[in-house]
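Student: The whole structure should be built from the sequences, with the hints applied where relevant.
2 protein chains.
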Amino acid sequence: MDVARSEVFEAGTPTACRSCQARHGVVCGALSNAQLKELNRHSLRRKVDAGSEIIAQGSESSFYSNITRGVIKLCKMMPDGRQQIVGLQFAPDFVGRPFVRESTLSAEAATDAEICVFPRNLLDRMIAETPELQRSLHDQALNELDAAREWMLTLGRRTAEEKVASLLHLIATHAEPQTAISTAFDLPLSRAEIADFLGLTIETVSRQMTRLRKRGVILIENSRHIVVPDMDELQKISA
Amino acid sequence: MDVARSEVFEAGTPTACRSCQARHGVVCGALSNAQLKELNRHSLRRKVDAGSEIIAQGSESSFYSNITRGVIKLCKMMPDGRQQIVGLQFAPDFVGRPFVRESTLSAEAATDAEICVFPRNLLDRMIAETPELQRSLHDQALNELDAAREWMLTLGRRTAEEKVASLLHLIATHAEPQTAISTAFDLPLSRAEIADFLGLTIETVSRQMTRLRKRGVILIENSRHIVVPDMDELQKISA
DNA sequence: CGCGGACTTGAGCCTGTTCAAAAGTCGTGG
DNA sequence: CCACGACTTTTGAACAGGCTCAAGTCCGCG
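Respectively, the protein sequence lines represent chains A and B.
No gaps in the numbering here: position 127 of the first sequence is 127 in the UniProt record's numbering, and each next residue is one more.
No gaps in the numbering here: position 200 of the second sequence is 200 in the UniProt record's numbering, and each next residue is one more.
Honestly, the hints are just simulated from the structure, not real lab data.
A virtual CB, placed ideally from N, CA and C, is assigned to each residue, including glycine.
Just to be clear, a hint being listed does not mean it is correct.
[What the hints assert, rightly or not] One-sided and incomplete, this derived list gives chain A residues near chain B with beta-carbon spacing under 7 Å: (1) Arg-82; (2) Gln-84; (3) Phe-99; (4) Thr-104; (5) Pro-131; (6) Gln-134; (7) His-138; (8) Asp-139; (9) Leu-142; (10) Leu-145; (11) Asp-146; (12) Ala-148; (13) Arg-149; (14) Met-152; (15) Leu-155; (16) Arg-157.
[As the list claims (entries may be wrong)] Below, a list of computed lysine to aspartate or glutamate pairs in the DMTMM-like style, where the Cα atoms sit at most 25 Å apart: (17) Lys-214/B x Glu-233/B; (18) Lys-236/A x Glu-203/A; (19) Lys-37/A x Asp-124/A; (20) Lys-236/A x Glu-102/B; (21) Lys-236/A x Asp-80/B; (22) Lys-214/A x Glu-162/A; (23) Lys-236/B x Glu-203/B; (24) Lys-236/B x Glu-102/A; (25) Lys-236/A x Asp-186/A; (26) Lys-37/B x Asp-124/B; (27) Lys-236/B x Asp-186/B; (28) Lys-236/B x Asp-80/A.
Tutor: Structure (structure tokens):
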């Protein structure tokens with residue numbers, strides 16, 4: 001239906017894209033209307049429940065996606081079951097690994113989410129034809145690289161308390177449009193996932209959270225909903 | 001002199017580049033002869049002693065470089081002095097952060113090294129004009145991202161012993177063309193630098209190295225020169 | 001209301017740190 | 001050629017931050 005309508009406006013934006021979170025994101029923001037239309041014709045919107053896997057570690061993936069709602073976590077798993085989250089992605093990020101088919105990590109919905117899925121071949125062709133798109137994806141890759149390296153510092157050199165404070169700060173600044181000083185948000189991650197992100201155990205994460213609560217740095221409601229009265233204080237504790 | 005000679009062959013490879021380690025690397029391998037010539041005309045070969053800084057964290061850098069010899073370490077430093085190495089780069093890697101002028105990390109020679117330095121403006125222009133170059137740099141960025149995430153797993157989830165074994169394995173496979181099974185190489189890093197890479201202390205690194213030595217997994221000569229009789233064994237210990 | 005999963009709390013332990021000293025290593029100069 | 005001094009590395013002993021194991025509590029949901 002949406003596709004049929006967009007056929008009418010040869011050069012117009014597909015209706016499905018008009019109100020899309022990712023319309024001006026890394027991929028779609030770099031496309032011409034004609035390209036957007038073609039991509040849309042081969043795209044599929046998909047709802048994914050929290051916890052369900054989008055890409056499996058070690059598998060060959062023949063598609064890419066844009067996140068249009070929710071949070072996606074990127075995980076690495078060791079054969080013995082130890083796990084590390086190596087990245088979080090929010091709408092309207094692009095998910096996928098250009099140039100290499102086999103994935104060295106898994107992508108999993110952290111919250112209920114919505115993604116727009118399209119074939120690898122098609123986007124690969126567009127990348128080759130569209131310097132602007134290549135540039136845009138290159139830019140996202142470099143930003144993710146900066147984020148990964150920042151996180152390496154956290155994993156290697158910060159204490160448990162600093163780690164937890166860092167994560168809360170990260171999520172507060174990414175997930176919610178914070179007000180001037182105070183911020184409130186829902187954690188997209190369970191305690192177990194936070195632990196896997198920070199290289200800690202569930203118990204340590206829990207203890208550090210209650211320590212922060214008792215110090216008045218955060219308020220915890222429902223264990224998922226967090227209020228930060230003073231973001232500067234939180235950042236100071238993150239070191 | 002080299003420049004003068006290369007002027008003669010309008011379309012030829014500059015002589016300075018003919019025997020260069022980086023000639024077919026990420027940047028120069030993607031350039032036309034004319035571009036290579038232009039880049040060469042504005043390039044400067046520079047020797048850097050081990051320990052000297054190439055780019056300072058927080059500074060604005062107006063140049064990029066190619067590594068033509070040696071090993072460069074990328075570091076992040078906290079205000080209180082804690083430090084984390086977030087990447088190692090070997091010849092013929094490209095060093096620099098396209099699109100962003102201010103560096104969030106410092107680049108420092110780990111060994112005596114040689115780099116080929118060229119102006120940021122010039123390469124930025126070439127990137128914009130040369131899809132192949134953009135693609136090549138994009139590719140390096142994605143490879144570095146994979147490496148960074150692999151290292152996040154190491155930092156977050158591996159034990160001290162596994163960390164040390166992982167680093168030895170990494171260096172063995174990058175620095176030296178290993179023989180079938182056994183490998184010998186010089187460590188480009190001091191114990192302190194290894195500790196900063198692995199998120200450990202000097203003492204723990206030293207203890208784990210002697211443990212590996214006593215188990216016969218490695219031989220240590222001069223504390224910098226390492227022999228690995230069986231790489232598979234080392235990899236197994238890295239988990 | 002009772003069940004199940006997620007989260008919190010507690011006690012003891014262990015890995016890796018801290019602090020301290022000894023042993024190499026290397027360059028310099030007598 | 002060896003002695004000296006600075007620095008890196010190794011080794012030792014005590015400590016502590018975070019882990020493990022084990023209950024207990026909270027909360028959503030049928």
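Student: Sort out whether Glu-102/B lies within 25 Å of Lys-236/A, counting only the CA atoms.
Tutor: holds (22 Å)
Student: Would you check whether Arg-82/A satisfies its interface hint, that is, whether its CB is within less than 7 Å of any CB in chain B?
Tutor: With Cβ-Cβ at 5 Å, under 7 Å, it holds.
Student: Does the nearest C-beta of chain B fall within a distance shorter than 7 Å of the C-beta of Pro-131/A?
Tutor: holds (5 Å)
Student: Report holds or violated for the interface hint on Arg-149/A, using the least CB-CB distance to chain B and a cut-off of 7 Å.
Tutor: At 4 Å from the nearest chain B Cβ, Arg-149/A passes the 7 Å test, so the hint holds.
Student: Classify the hint on Asp-139/A as holds or violated, based on whether any CB of chain B lies nearer than 7 Å to its CB.
Tutor: Status holds, d = 6 Å.
Student: For the restraint on Phe-99/A, tell me whether the closest CB of chain B is nearer than 7 Å.
Tutor: Because about 6 Å separates Phe-99/A from the closest Cβ in chain B, which is inside the 7 Å limit, the hint holds.
Student: Take the shortest C-beta to C-beta distance between His-138/A and chain B; is it under 7 Å?
Tutor: The hint holds - His-138/A has a Cβ within 7 Å of chain B, the shortest such distance being about 4 Å.
Student: Can the restraint linking Lys-37/B and Asp-124/B be considered satisfied, given a maximum Cα separation of 25 Å?
Tutor: Holds, because 16 Å separates the two Cα atoms, which is no more than 25 Å.
Student: Given Gln-134/A as an interface hint, is its Cβ closer than 7 Å to any Cβ of chain B?
Tutor: holds (5 Å)
Student: Quick one, is the Arg-157/A hint okay against chain B at 7 Å, beta carbons?
Tutor: holds (5 Å)
Student: Identify whether the interface hint at Leu-145/A stands, where standing means a beta carbon of chain B within less than 7 Å of its own.
Tutor: holds (5 Å)
Student: Taking 25 Å as the top limit, are the C-alpha atoms of Lys-236/A and Glu-203/A close enough?
Tutor: holds (23 Å)
Of the numbered hints listed earlier, not one is contradicted by the structure.
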